[in-house]
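Based on the sequences and whatever the hints tell you, model everything.
Each chain, written out:
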Amino acid sequence: MHDSELFGPRARATSLAAVLVAIAFICLVTLALPHDSELRDPGLAVAAVALLVLGGLVHRLGERLDTRQIGGVVVVGTLLAALANYAVGTTTAAFGLLFTFTALYAFYFFDLRFALGHLALVGVAYAIQLAVNPGPSAATRFLLVVGTPALVGLLIARLLRVVRAETARSRRVLETTHDAYAALELDGTVVEWNVAAEKMFGASRAEVLGRNFGELFYPHEEVPAYRERLRVLRDADEVSGQRFEAEYRRPDGTTFPAEVTLSRVEGGGRAILASFARDLTDERLRETEQAELAREQAARREAEHVAEMVSGMQLLVDAALAHTTTDGMMNALIPRVRAVLGADAASVLLREEGRDSLVVRASTGGDPENRRRIDFGEYFTGVVAAERRPMLEQDPRLDEVADPAMREAGVTSLMGVPLMVDGELAGVLSVGATAPRRFTSDDLGMLRLAADRVALALDHARIYEREHRIAETLQRSLLPEQMPNLPGMGVSARYVPAASEAEVGGDWFDVIPMPGGRVGLVMGDVAGKGLSAASMVGSLRSALRAYVLEGHAPAVVLEQLNRLVWAELEESQMATLIYVVFDPVEGRLSWVNAGHLPPLRTAGDGAPAEFLHGARSVPLGVLPFPAYEEATADLGQGSIVLLYTDGLVERPGSVIDIGLNALARAVDEAPEGTDALCDHLLRELSPLGGAADDVALLAFCNEPVTDRFEFELPAQPESLSSVRGLVRRWLRQTGSTEQEIAEVTTACGEACANAIEHAGAGSSSSFELEGKLDGSGVEVVVRDFGVWRPERDDDHGRGLGLMNTLMDVVEVTPSPEGTVVRMQRRLNGAGTR
Amino acid sequence: MTELGNVEVREEEGVVVAQVSGELDLSNSPATGKAIEAALPASARALVVDFTGLTFLDSSGVAMLFGLVRRLGDHRQQLHVVAPEGEAVGRVLEIVDFGRAAPVYAVLDAALDAARGA
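Heads up: the sequence lines are chains W and D, in that order.
When we follow my numbering, the leftmost residue of the first sequence carries the number 1, and every step to the right adds one.
When we follow my numbering, the leftmost residue of the second sequence carries the number 1, and every step to the right adds one.
No lab work stands behind these hints, which were simulated from the structure alone.
Be a bit skeptical, because a hint or two may be false.
Residues of chain D clear of chain W, computed beta-carbon distances all greater than 12 Å [said to hold, decoys possible]:
{"no.": "1", "residue": "P30"}
{"no.": "2", "residue": "A35"}
{"no.": "3", "residue": "A42"}
{"no.": "4", "residue": "A88"}
{"no.": "5", "residue": "R116"}
One-sided and incomplete, this derived list gives chain D residues near chain W with beta-carbon spacing under 7 Å [to be verified]:
{"no.": "6", "residue": "S27"}
{"no.": "7", "residue": "D58"}
{"no.": "8", "residue": "S59"}
{"no.": "9", "residue": "V62"}
Predicted, not measured: the structure shown is a model, and the values here were computed from it.
For glycine and all other residues, C-beta sits at the position ideal for the given N, C-alpha and C.
Set out below in structure tokens:
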């Protein structure tokens, strides 16, 4: 703060104007008073008017005049005063005033050089005055003695008023500020204390004035530090200040933090300390609140992060559990591992069975078909596998260790964790990130957790797959690979396992050729899935075959099966089954139904298909001694019977009747033939994306009899009864007599028995039987591919003898490739067709 | 035994009666013959093979019968066969002229009388 501005430019201008006007008044008073003739009236008047105008101008412009302009006015005013003095012709009171003004004004408002210059100017002017003019007159002397002190007194009074007003304004500013203001002596004695300070420090102005600030408001132990601070300010040469925070103690003992600006202020030749203090209590509170808020936010972020990880883990576990096959699980897990870790790439490499190498099993971004092989110790993942420990690698070392695929992907941060199952290395889980993401040891820990779950899921999936594979293989092995070639009937079957993820079901079917050309057909469903169901199917199948071949009637077969199931099946297990015996010779069906869905029979002549509802009884394993009844029905030529399992007709959320109706409709629309029927049904009734349950289908028909037939049969004695059934059925349509039929049948049997003997015991080869009807008779040809045996004994001779007796023509043509027997016979009834 | 053919053996006053039903062909004739032999005690004087319930017989069944004739001859036992006339089985036996080896009767009672009388 500059001295000349202590009271402001307004006070400066006002006082200058007052001096100029005062000199003008002196001039006017001099003119008005009686005066000597040598008085130069016109000059005095001009000076007076000029001074008045100048004084008025300065008063009006006031604080707008800068220091340079004020200086100019001072010089001009002094010269005008000198001019007036000259006009008066004698020394006047004006110079006294000018000298006083200089002392009061110039020294006070301006710097020393300006004041001295002004003093010199006035002095020179006064000296010239004294030299030019004679001594003062009586009036002048009176004025000098009385007027000058009066004017100076008036001037001072005026100045003081201005100064007081400005001081009061300054104080008001200090009083209205919220900051506490205290003016201190250099030793800390309080000399000024504003209202805010009274409030803040809890001490009134009266209480603190004249007392030492440090002793009043600092705790004892901190007073020496306070004194040191004052000493520094006291010793400082010039204006200096400090800004610091302090903890003050109020007289009532409470404390508060404050930010303090302590400045050394030079004023009026005396230095004081101006202290402004701002209460920091609220701010500290806010800061504390903000800190708490920040802590809370950090805690929340941490909690969210943990929650995210936990839910990420949950996602991993869910994904692992939702998929029962290794591939399905991996493909679901990998994107989630990537998401949980914020990685750009993730892959699972599985160990090749019994080898020290890995194969990429699933990865994001990459081609899943590209099953790259990585040897142990090769690249990053190979090293993880070889050392069986989690590893984390970052750029720039990455170029040395990462495999080319990772480098191409721009990965700059890489983690890998071994997947351990039962202490054995099963594979490696690895993730990569591109800049700026860099994995940390925390991330590695997370990946280890993920790997634990992947390994667990892997273990489960492998166990599941092994069991699924065994069950599927077992079930497949239990289903007939190929339908037997059965004379007089067509048989087709289909088995469609449930869509990949589900377990193998207990659907099964069987076709059992029986002596006499009859055929047993079975369709069953064991409740439950997987290995236990498959093994139960195995038991049922063997038992049923045994009971059937023992020659029991259908109802008895089922009673025996029920006894087995009742004894062997675990509780709550049961099995449905339908057992049908078809006699192609008679065109008759007989069946027993143990809780299974009813067979469907087509009419063969375009009429709608109908369900065979008869002979229904409880499933196997439900009652210890259920009554199984047998039902019978005709099966005309061309008619088809369809056996099936619930997978074909049951749909979630829909009544089974709807499925059965749909089945009947689909059967009516199906093209002819059992094969075409099965294909049509699977196409029409299978839900998109695969069935939820297994589907088994078995269709057989009573093949229409034609003029010609051709069969290939196994070269086994058991085929003979089928041959007889076929021939009888074939000849019956000709209207031949029973004796004719019996004789041709016997002859055919002998020819086929020869063919079977030529093939040798236990042979897996076959022979062919061909029949032709014409208007008058029948021709039968039997071809074998064995070695012709000349007749060595009576037994064989009897066979050929029978043929010769029973048939009109018998030709035997042996060759190295086999033997052909051609037989012909006239039929009395044949001509009637 | 399969359902194709069935055999029941009983003994009446030193005469063993084997009732064979169903059909006899290459697949079951040898086994049927063995079953009858096994059921025939050495003390029995005669064996009656009753084909009344048999619907089919081929050369293997005939061979089985001839085999029985030889075994029984070794033990001085007699074989009597029952086969209804005009049926398929009787016709086969007729064609192969089985009557030369052992007597064939149309009804069981006749065969039993002959056997007891022997």
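Against the structure, the hints:
no.	hint	in the structure
1	P30	violated, 9 Å
2	A35	holds, 14 Å
3	A42	holds, 26 Å
4	A88	violated, 4 Å
5	R116	holds, 30 Å
6	S27	holds, 3 Å
7	D58	holds, 5 Å
8	S59	holds, 4 Å
9	V62	holds, 6 Å
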